[in-house]
Amino acid sequence: MPKRASPQTTSPSNRFNLSTAELKDTAKKLRRHVVTMIAAAGSGHPGGSLSAADVITALYFKILRYNPENPQWSDRDRFILSKGHAAPILYAALAEAGYFPTAELATLRKLDSRLQGHADRKFTPGVEMSAGSLGMGLSFAIGVALTARLNSQTYRTYVLLSDGECEEGQTWEAALSAAHFGLDNLTAIVDYNGIQLSGWTCDIMNLEPFFRKWQAFGWRTIDIDGHDFDQILSACQRAEKTKNKPTLIIAHTIKGKGVSFMENNVAFHGKAPTPEEAEKALKELE
Amino acid sequence: MAEASTRETYGKTLAELGRQNRDIVVLDSDLSPSTMTTFFAREFPDRFFDCGLEEQNMIGIAAGLAASGKIVFVSTFAIFASCRCFDQLRLCLSQPELNAKIVATHGGISVGEDGTSHQAIEDLALYCALPGFTVVVPADAIEAAEAVRAAASAYGPFYIRLSRPKTPVVYPEGYHFTLGKAVTMRQGKDATIMATGIMVAKALEAADVLAGQNIDCRVINMHTLKPLDEGAVVKAASETGAIVVAEEHLAQGGLGSRVAQTVTKKKPVPMEFVNLGDRYAVSGKAEELLQRYGLTAKDIEESVKSAVRRK
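Going line by line, the protein sequences match chains H and L.
In this text, residue positions in the first sequence follow our numbering: the first is 905, and each later residue adds one.
In this text, residue positions in the second sequence follow our numbering: the first is 158, and each later residue adds one.
Watch out, some of these pointers could steer you wrong.
[What the hints assert, rightly or not] Calculated lysine to aspartate or glutamate pairs in the EDC-like style (CA-CA distance at most 20 Å, straight line):
1. H:Lys1026 x H:Glu1008
2. H:Lys1149 x L:Asp203
3. L:Lys346 x L:Glu396
4. H:Lys1149 x L:Asp207
5. L:Lys323 x L:Glu160
6. H:Lys1026 x L:Asp244
7. L:Lys169 x L:Asp187
8. H:Lys1026 x L:Glu254
9. H:Lys928 x H:Glu1190
10. H:Lys932 x H:Glu1167
11. H:Lys1147 x H:Asp1127
12. H:Lys928 x H:Asp1129
In short, the hints are calculated from the structure, not lab data.
Just need the whole structure built from these sequences, with the hints factored in.
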């Protein structure tokens, strides 16, 4: 496969460009949305939304270039949520970014809502791909990144995977091919919270040695604390400077992060908090 | 009847389309010498991506390319294009209604010697089950070229099934294909044979024999299974009073099921079905298998007689 030079990034920066302190506040606000939305819906997946909150906040309020008034802007950076069950955190970010009113978040999972139970490109402005059957997002991201190369466009493609979905064979098909195609305009982030629906990933289907697997598949691989904004930003910058290979950021996170009784609690993978639990959670997130 | 290869025609047509439209990209999974996407790959290496033996990944990549504005042709064998990646077809192409064209070769049992693992006999049922997909099985190489051109210029997901062996040419050069519009190949008033793919030529053969026995048989090429030309079905039921559906597919979920739904709802008449039934086939020469599994002109002829008797 011939290696090609990537075009330099010249487009304007993220429209919010928040400081680290502001990012922390925003992440807290998004977490509050997540708890409120899922409690109101009476079903959903709080754990994986809360673990990904800091990564998503960093992307939407510091890194990605996009325009909520023109969601289809052809040069926008693409963010693909492969772990589709974390739709609430994406919806919270999209609403705060200006894609739709935050009031609409209360309609999550309800009949005729634009906010489907799993991320869905047909209904929600700003959602790039339908997801929910795991292991498909990275493949989609490869197609999007190949288009950038074919069109000589400078946008970057980001995709967020769960650790559990790395048990899907398709993830590794995609891992092989992204490296084969030399897609240095692609950054994949794994929200490595260690827990899947029925238990710890190491017990259900061990992924380790995870870092070395991605490295062996030909990816630049970076390990970070997925709740540390400086580490998230620095890893994304390093990815952007990497040539001829895609980058995989392993964001070590805590499932349910920010709500004490949800943290590392398998039960909150796919269960809504009761009204009392939601109240308690929101107090912790003040 | 002269014979020609639908897949070779596909390959050449794809290259022709590539010259006309720079947004056309092609994906294959290590089968380009067989699917004949090699014609495109040689001419447009930058717009051709061999995805290796990763059919699931290939459908996802196709979706990503299509979502960002490309017209994506995806080729592999029909068995892998359907059974191997069905969930990906559903969530990545069908539900979001993306502009990808799955053109699969080696459909049906006429694949022959490779046997069960390579014989796509359920692909039409699977693709017809996907909302938004247009499903086409061309009757010959001339129609294959037309169908591929039509798919390139229409928006949305397509499945086009082609064959491995050369197949009889039933159309003259210059034939014009209209998507979703059945073609009456031969008029008749006693019964109608609705056929698709390689069964169209066999239906014509059967109609010739039946004519000698004073059964005047209409032959319709139902090249588009979905959306189905219901008008042609109702007209055939009303005017000929008996319908036989012939396809190189299992009994369930293909053209037979689709025509029967329309007939039972709109104009019930006796029907018979020529297909593989509910079983897998084995290795053998294409013609031997078609004979063994009841997909010959003779089988169609018998079914027509049986349908006419029930009128």
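Verification of the supplied hints:
1. H:Lys1026 x H:Glu1008: Holds: H:Lys1026 and H:Glu1008 sit about 17 Å apart, inside 20 Å.
2. H:Lys1149 x L:Asp203: holds (18 Å)
3. L:Lys346 x L:Glu396: With Cα atoms ~6 Å apart, L:Lys346 and L:Glu396 stay inside 20 Å; holds.
4. H:Lys1149 x L:Asp207: holds (18 Å)
5. L:Lys323 x L:Glu160: holds (6 Å)
6. H:Lys1026 x L:Asp244: holds (17 Å)
7. L:Lys169 x L:Asp187: holds (18 Å)
8. H:Lys1026 x L:Glu254: holds (9 Å)
9. H:Lys928 x H:Glu1190: holds (12 Å)
10. H:Lys932 x H:Glu1167: holds (15 Å)
11. H:Lys1147 x H:Asp1127: With a Cα-Cα distance of about 18 Å, the restraint between H:Lys1147 and H:Asp1127 holds, given a limit of 20 Å.
12. H:Lys928 x H:Asp1129: holds (14 Å)
Comparing the model with each earlier hint shows no violations; every hint is respected.
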